[in-house]
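Generate coordinates for the entire structure from the input sequences, incorporating the hints supplied.
As they're listed, the protein sequences go chains C and E.
FYI, numbering that gives the first Met the number 0 numbers position 8 of the first sequence as 7, with every residue one higher than the one before it.
FYI, numbering that gives the first Met the number 0 numbers position 296 of the second sequence as 295, with every residue one higher than the one before it.
Hints are computed from structural coordinates only; laboratory data are not their basis.
All residues carry an ideal CB built from backbone N, CA and C; glycine is no exception.
Hints should not be assumed to be uniformly reliable.
As the list claims (entries may be wrong) - From the derived model, a few chain E residues whose C-beta atoms are all more than 10 Å from chain C: (1) Gly60; (2) Gly87; (3) Gly141; (4) Ala168; (5) Ser178; (6) Gln200; (7) Glu202; (8) Cys214; (9) Pro268; (10) Asp279; (11) Cys330; (12) Thr368.
To be verified - Incomplete in silico selection of chain C near chain E, CB under 8 Å: (13) Gln53; (14) Ala57; (15) Ser69; (16) Pro73.
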Amino acid sequence: MIRVVLPAHLRRLAGINGEVRLDIAGVVSQRSVLDAIECRYPMLRGTIRDQDSQRRRAFIRFFACEEDLSHEEPDASLPDAVASGAEPYLIVGAMAGG
Amino acid sequence: MTGVRVLVGTRKGAFVLTADGKRDQWKVSGPHFSGWEIYHLKGSPADPDRIYASQSSGWSGQVIQRSDDGGVSFQPVGNQFSYDGTPGTHQWYDGTPHPWEFARVWHLEPALDDPDTVYAGVEDAGLFKSGDGGQSWHELAGLRGHGSGSSWQPGAGGMCLHTIILDPATASRMFAAISAAGAFRSDDGGQTWRPVNRGLQSEGIPDPDAEVGHCVHRIAMHPSRPEVLYMQKHWDVMRTDDAGETWREISGNLPTDFGFPIDVHAHEPETIYVVPITSDSEHFPPEGKLRVYRSRSGGDEWEPLTNGLPQQHCYVNVLRDAMAVDSLDDCGIYFGTTGGQVYASADSGDHWAPIVRDLPAVLSVEVQTLP
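Written out as structure tokens, the structure is:
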């Protein structure tokens, strides 16, 4: 079970209360997590990453386990603590975006 | 005490609002520097006729103006703000390294005892000092260079040093605050600095209680209690009783703890004021009601102040430098909005009335209490 926390403005857009919980088969990476989120919440397509290039939007950041993962390769495995659900994967609006 | 002079910086010029001690009839002059952004004006505590103003534009950059006659006339002074040495990089909003570049002066803080000494907080965040009335400026590079600068990042308004507080009891002590880095303290007149952010928690950084990276919006001090500081952070209203060594949250019953300005009553060091704003994406008051919140207990317990303020369909913001207090016997409170209103209360916030309603968006409000 993967736990994902979205910023408030995207939770409102998608009608989400609290954390998102996902089951992902195979490698747990930033790409597979975002694919799963966009599959469940199609209205979030394009709001976290560009729909064509799949590049992270500049004012969105990815954190987990007190580390900034924003510049990690999208197919790299996420930390075990995220894959096991012990720690959430945080999708954060940069402070400059508000 | 016979009157007040309110100095208003806006997106398109500066305005000077004056009144006698009753504060019910106002004379409005301006716009000064028409068409330019005036991020801040502030008068010298040592000489009320000395006023400094930060004037800037996207076309022509930074100008510093100085008045020696109480804002009747101004003359441009020095505007060269050169970072000391090789500036290096800070964190850009997307997390990548970004070169330090001067953009503008956000805040001017005249010294308490010398009208020719003035500090400037700038974007990209740095602290400058002039000892010759603004003619020349040099960086107090110990702040930017203390070690964490490469991890600072911009807030929504840019990566700005917006708050400078001079300790009236200990001349060598000063505080600065930066969005988004946090609060810093110097105990040697600005030569060396260290972060003072223990107790702050922020969601917008990987480690929520990191030593730096917090988006502090404003800090305020009462001169009689320089070890007590109040902070409006991006989210959370905070307080320290030990000059920043540790902070605790005092948001209490506020309807939201997001906001920008915070200020302290002139005669009651435990009476503080904030303007709650809905959220980091909704920069307007909750429910469309413009409410100043006052705590008479140094935080935690807050009461809304609404008399004379719009209580429906109000969607303006109040920016971090746009609140001030006078020191008349019945303390006056002032704030300006992005809708161009400047509101005043001559009774500590119980009743409010607009001085002006239709200025350009207000960036800053300061007040001088005149003898």
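We went through each hint and held it up to the structure:
no., hint, in the structure
1, Gly60, "22 Å, holds"
2, Gly87, "19 Å, holds"
3, Gly141, "25 Å, holds"
4, Ala168, "33 Å, holds"
5, Ser178, "7 Å, violated"
6, Gln200, "13 Å, holds"
7, Glu202, "7 Å, violated"
8, Cys214, "5 Å, violated"
9, Pro268, "30 Å, holds"
10, Asp279, "3 Å, violated"
11, Cys330, "32 Å, holds"
12, Thr368, "35 Å, holds"
13, Gln53, "15 Å, violated"
14, Ala57, "4 Å, holds"
15, Ser69, "5 Å, holds"
16, Pro73, "15 Å, violated"
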